[in-house]
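In the order they appear, the protein sequences are chains A and B.
Numbering (this note's numbering) for the first sequence: 2 to 349.
Numbering (this note's numbering) for the second sequence: 2 to 349.
Certain hints may be false.
Where chains are identical, the list cannot tell them apart; a pair therefore holds if satisfied intra-copy or between any two copies.
[As the list claims (entries may be wrong)] Quick list of in silico lysine to aspartate or glutamate cross-link-like pairs, EDC-like style, CA-CA up to 20 Å:
hint, residue 1, residue 2
1, Lys279, Glu257
2, Lys331, Glu194
3, Lys191, Asp68
4, Lys31, Asp307
5, Lys281, Glu260
6, Lys259, Asp332
7, Lys191, Asp73
If you are wondering where the hints come from, they were derived from the structure by calculation, not from laboratory data.
From a predicted model like this one, the values you see are computed outputs, not experimental measurements.
Read off the chains here:
Number of protein chains: 2
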Amino acid sequence: MTDTLILSIDAMGGDHAPESVLEGVALSAKQHDDVFFFLFGNEEKIAPLTEKYGLDPKCYKIHHTTDVVRMDAKPSQILRSGRETSMWKSIMAVRNGYAKAVVSAGNTGALMAMSKICLGTLPGIDRPAIAGILPSVTGPIVVLDLGANTECDAQNLVEFSLMGEVLYQILFGVKEPSVALLNIGSEHTKGREEIREAATALTEMGDKINFQGFVEGNDIGAGKAQVIVADGFSGNIALKTLEGTVKFVSYALKKEVKESWLSMFGFLMAHPSLARFKKKYDPRLYNGAMFLGLKGISVKSHGGADAFAFSCAIEAAIKMARKDLCTKIKDEAATVLNMSALDDTSAP
Amino acid sequence: MTDTLILSIDAMGGDHAPESVLEGVALSAKQHDDVFFFLFGNEEKIAPLTEKYGLDPKCYKIHHTTDVVRMDAKPSQILRSGRETSMWKSIMAVRNGYAKAVVSAGNTGALMAMSKICLGTLPGIDRPAIAGILPSVTGPIVVLDLGANTECDAQNLVEFSLMGEVLYQILFGVKEPSVALLNIGSEHTKGREEIREAATALTEMGDKINFQGFVEGNDIGAGKAQVIVADGFSGNIALKTLEGTVKFVSYALKKEVKESWLSMFGFLMAHPSLARFKKKYDPRLYNGAMFLGLKGISVKSHGGADAFAFSCAIEAAIKMARKDLCTKIKDEAATVLNMSALDDTSAP
Numbered sequence: 002m003t004d005t006l007i008l009s010i011d012a013m014g015g016d017h018a019p020e021s022v023l024e025g026v027a028l029s030a031k032q033h034d035d036v037f038f039f040l041f042g043n044e045e046k047i048a049p050l051t052e053k054y055g056l057d058p059k060c061y062k063i064h065h066t067t068d069v070v071r072m073d074a075k076p077s078q079i080l081r082s083g084r085e086t087s088m089w090k091s092i093m094a095v096r097n098g099y100a101k102a103v104v105s106a107g108n109t110g111a112l113m114a115m116s117k118i119c120l121g122t123l124p125g126i127d128r129p130a131i132a133g134i135l136p137s138v139t140g141p142i143v144v145l146d147l148g149a150n151t152e153c154d155a156q157n158l159v160e161f162s163l164m165g166e167v168l169y170q171i172l173f174g175v176k177e178p179s180v181a182l183l184n185i186g187s188e189h190t191k192g193r194e195e196i197r198e199a200a201t202a203l204t205e206m207g208d209k210i211n212f213q214g215f216v217e218g219n220d221i222g223a224g225k226a227q228v229i230v231a232d233g234f235s236g237n238i239a240l241k242t243l244e245g246t247v248k249f250v251s252y253a254l255k256k257e258v259k260e261s262w263l264s265m266f267g268f269l270m271a272h273p274s275l276a277r278f279k280k281k282y283d284p285r286l287y288n289g290a291m292f293l294g295l296k297g298i299s300v301k302s303h304g305g306a307d308a309f310a311f312s313c314a315i316e317a318a319i320k321m322a323r324k325d326l327c328t329k330i331k332d333e334a335a336t337v338l339n340m341s342a343l344d345d346t347s348a349p
Numbered sequence: 002m003t004d005t006l007i008l009s010i011d012a013m014g015g016d017h018a019p020e021s022v023l024e025g026v027a028l029s030a031k032q033h034d035d036v037f038f039f040l041f042g043n044e045e046k047i048a049p050l051t052e053k054y055g056l057d058p059k060c061y062k063i064h065h066t067t068d069v070v071r072m073d074a075k076p077s078q079i080l081r082s083g084r085e086t087s088m089w090k091s092i093m094a095v096r097n098g099y100a101k102a103v104v105s106a107g108n109t110g111a112l113m114a115m116s117k118i119c120l121g122t123l124p125g126i127d128r129p130a131i132a133g134i135l136p137s138v139t140g141p142i143v144v145l146d147l148g149a150n151t152e153c154d155a156q157n158l159v160e161f162s163l164m165g166e167v168l169y170q171i172l173f174g175v176k177e178p179s180v181a182l183l184n185i186g187s188e189h190t191k192g193r194e195e196i197r198e199a200a201t202a203l204t205e206m207g208d209k210i211n212f213q214g215f216v217e218g219n220d221i222g223a224g225k226a227q228v229i230v231a232d233g234f235s236g237n238i239a240l241k242t243l244e245g246t247v248k249f250v251s252y253a254l255k256k257e258v259k260e261s262w263l264s265m266f267g268f269l270m271a272h273p274s275l276a277r278f279k280k281k282y283d284p285r286l287y288n289g290a291m292f293l294g295l296k297g298i299s300v301k302s303h304g305g306a307d308a309f310a311f312s313c314a315i316e317a318a319i320k321m322a323r324k325d326l327c328t329k330i331k332d333e334a335a336t337v338l339n340m341s342a343l344d345d346t347s348a349p
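Start from the sequences and build out the full structure, keeping to the hints where you can.
Structure below.
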């Protein structure tokens, strides 16, 4: 029996909150009897839902909050006036050591800004990044940054590489996951200067990191590396393009099939395979954008997440907390970065 | 009956050249009896292929060349020593006014560098860009830049927008195609500075351009705008990610279906629909990356193109030449840019 893990939940964040959040917590609670939930939000709204979804009173505590971060609020505005929100309070529970991780389906920018301010950045890490998991031909891969930093220098990319490596180790138990930088060609002369510089630094680290060089956009689906690192702009473009392409292919395929009765019948016969396909690559399984580089664990669920998707984001938070992600990133940064080529340049 | 259009073909460029190039030319020649082909390359190798694929001697002329641009050659090296290559000579035919457009499946970097040097940039255009066509839920869309410029300023993005608009008008006969900038959010505060600046300039152009603001990666597949503009780095990442995603989905789907006989039988029944789907979205149909902003038409076929794919690249070149793309871009730049907000800042 493991120790009880306390998770902090922003019950008011997301398009379907608090309903889907509470239902998601209930799903997770059924699977983890060693997890206790702090639920931050409007008690009047939350209390009936804990009953509705059969949450055992021994596994949660409601912390009443009076304010909510609006989905369209600007991070700067929220930092000034958001201290009474469920989001802020749920992050503060991690900062103050009462909970090990926070999960929210609320406003991404606000969650990142608040997490940064409340939790602080780990020593050795200049800027936190957002990581996500994607399916690929060779298995799941970690991609970061997905949008926290629109512009990055070489040092940021090196730090993202180390953080992505540690995350992959923790999530999938692989000791030396392959790491690559996203670029527009695989030759070492290609791409932007900061990416080439980061590649040089990572190469010079030798066997301290399993660095594979550059990969291109098509190598994401091919799973050519287990950790793919990009600045937040390119990473976000890649992630969203991937989502849009899956939607387009599925739309176009359905449209053609619907034009013929025989095809529709054929697809019905293939239903078990299609259902297995859908289940395996259900985007909800990949829900949970993980903030890396902070002195605490903060996971962002998709705003439109349903209960199952939200429970998957909780699952990621549990793994990260149980395996002590933050300490591991700190240690990796200390051992690897102290010896890297970029270390000299980090002094003013 | 239209005038004879002369196209210049680099017969030695590409993985399967000159075989697939000649077969592609033959396919095009059958569809266009008003097009005449200059074939640049090794006469000994080309001549037998013209016979093999039944090219009418009245529709082509072989220009013997002694050198070839290697697929892995660096553009700088090629500019110094590539004057006897089939690629250089085929571009020079356009520069010297003997041909209206050049098509090559050779080394992209070399073709862009040589096209820039030989043809020159149009007045009003600072940097040429590479455009491609992609399928989407709402129909074909034009995306640029796909990799010519790894970094761009606001002025470049504005010029790409105008060039993409003209290309869309020419290819699809739409008078005011919708134009948008690729970004990581649709709010006007999102993304990099140069993108926000470009958006301001395009907005200030009023009804001179049908500017829709920002779109995200997922809006490419959704076809939210007819022309989507990005710097060459992000554009390339988006294009390649899209390609990789299609491959991954098709791989994963096939894998599941193959696990069950019933499903395979179902897929066989759905074959007509699947075949129609494949035909409609055959990537070969979208072959042909178009260089925009030059004083001549230069089209890059995929290096691995087969005959049909190569003929599609020729088809794009024919449309661009027949509709006089370069003059139209020049005129659009003159009328729109002279009045744009960015005009003042372009003076030193």
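Cross-check of the supplied hints:
no. : hint             : verdict
1   : Lys279 to Glu257 : both (19 Å within a copy, 10 Å between copies)
2   : Lys331 to Glu194 : neither (27 Å within a copy, 32 Å between copies)
3   : Lys191 to Asp68  : neither (49 Å within a copy, 26 Å between copies)
4   : Lys31 to Asp307  : within (17 Å within a copy, 56 Å between copies)
5   : Lys281 to Glu260 : between (27 Å within a copy, 14 Å between copies)
6   : Lys259 to Asp332 : neither (55 Å within a copy, 45 Å between copies)
7   : Lys191 to Asp73  : between (38 Å within a copy, 13 Å between copies)
When held up to the earlier numbered hints, the structure conflicts with 2, 3, 6 and fits the remainder.
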